[in-house]
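Asker: Given next are the chains, with one letter for each unit.
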Amino acid sequence: MNKRHKEELADLVKAQLGEDMDADFIDEVAKHLEECPDCKICYDSVRQTVKLYRVSESETGVPDQVSERLFKVLSLKTH
Amino acid sequence: MKKDSAIELDTKLVESAKNGDKVALSELVTKYSPKIYNLGMRIMRNQEDAEDVLQETFLKMINKIKTFRGDSAFYTWLYRIGTNVALGKIREKKHIDNFVSVDGPDFENIKGAGLSHWPDHLDDQIEKDFFRECLKKAMDDLPDHYRAVFVLRDLENLSTREAASILNISEANVKVRLMRARLFLRDQLAHHLRCIEVIA
Chain B
105 MNKRHKEELA
115 DLVKAQLGED
125 MDADFIDEVA
135 KHLEECPDCK
145 ICYDSVRQTV
155 KLYRVSESET
165 GVPDQVSERL
175 FKVLSLKTH
Chain G
2 MKKDSAIELD
12 TKLVESAKNG
22 DKVALSELVT
32 KYSPKIYNLG
42 MRIMRNQEDA
52 EDVLQETFLK
62 MINKIKTFRG
72 DSAFYTWLYR
82 IGTNVALGKI
92 REKKHIDNFV
102 SVDGPDFENI
112 KGAGLSHWPD
122 HLDDQIEKDF
132 FRECLKKAMD
142 DLPDHYRAVF
152 VLRDLENLST
162 REAASILNIS
172 EANVKVRLMR
182 ARLFLRDQLA
192 HHLRCIEVIA
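Line by line, the protein sequences are chains B and G.
Everything in the first sequence is counted per this note's numbering, starting at 105 for the first residue and increasing by one.
Everything in the second sequence is counted per this note's numbering, starting at 2 for the first residue and increasing by one.
These are computed hints drawn from the structure, not numbers from a lab.
Please note that the accuracy of each hint is not assured.
What the simulated footprint calls covered on chain G by chain B, stretch by stretch (three residues with Cβ under 8 Å from a Cβ of chain B suffice, anywhere in the stretch; the number is not a length) [stated by the list, open to error]:
1) 17-27
2) 45-59
3) 124-133
4) 178-189
Glycine included, each C-beta is placed from N, C-alpha and C at the ideal position.
Can you build the whole structure from these sequences, using the hints too?
Answerer: What follows is the structure in structure tokens.
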């Protein structure tokens with residue numbers, strides 16, 4: 105498992121189990137994934153799912169007209 | 002800008018806004034309107050409703066800003082307003098449509114049974130219309146309270162604690178909902194992608 109994949113694993117595991125998961129635990133999970141094809145398939149598919157949504161739902165700016173209407177409703181001036 | 006200095010700047014703007022400084026208020030709206038608009042788009046799934054969420058959130062922010070005590074970061078407080086506005090609108094729509102979801106997804110059965118290997122670089126196909134449609138369909142089908150957790154945790158990158166505070170649920174509940182949301186999306190996506198033979 106390369107460095108980038110390890111970071112993605114840590115990201116997913118921490119989100120699932122808590123931000124306090126330490127590096128040793130992440131190493132244990134990584135080791136298990138290398139030895140267990142079923143878990144690896146499951147993990148890879150979840151990792152790709154999250155990644156796909158991060159790309160497809162990436163942030164867009166507020167359309168100009170929407171922004172204009174917002175400031176009008178709020179009676180504020182843009183600056 | 003580092004997180005601490007961003008929070009410090011927000012604190013100054015909020016204090017000025019509380020004292021009636023409209024320029025400070027405008028700055029807060031300018032700074033956070035893209036975040037709230039995207040939050041609205043991600044939860045509501047269409048531009049018209051996202052705009053409603055945007056306007057209602059900032060109207061509430063202006064009305065309530067004097068009650069903000071700084072117990073949490075300003076953006077967490079604002080996200081809480083935005084998320085509640087969005088979820089409230091969904092509840093309202095369901096009421097109007099006389100729609101009651103009796104048969105929600107059976108999360109007990111989401112275990113990835115029969116799951117096959119997903120090819121690497123699936124994201125290469127993301128610009129293709131049919132692929133985007135698969136992603137959209139799966140997300141549209143995800144129940145609202147799971148979608149809210151997925152959006153806050155995996156798309157907005159908020160911490161478990163922040164998501165729990167915004168949704169007024171326990172951190173354990175955030176973790177459970179996040180796991181279920183991810184597995185639901187994975188399974189729905191697998192189903193759609195199998196139909197169009199992107200995966201075996």
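Asker: With reference to the structure, classify each hint as holding or not holding.
Answerer: Here is how each hint holds up against the structure:
1. 17-27: holds (count 4)
2. 45-59: holds (count 5)
3. 124-133: holds (count 3)
4. 178-189: Answer holds; 6 residues pass the 8 Å Cβ test.
Against the hints set out earlier in the document, no violation occurs for any number.
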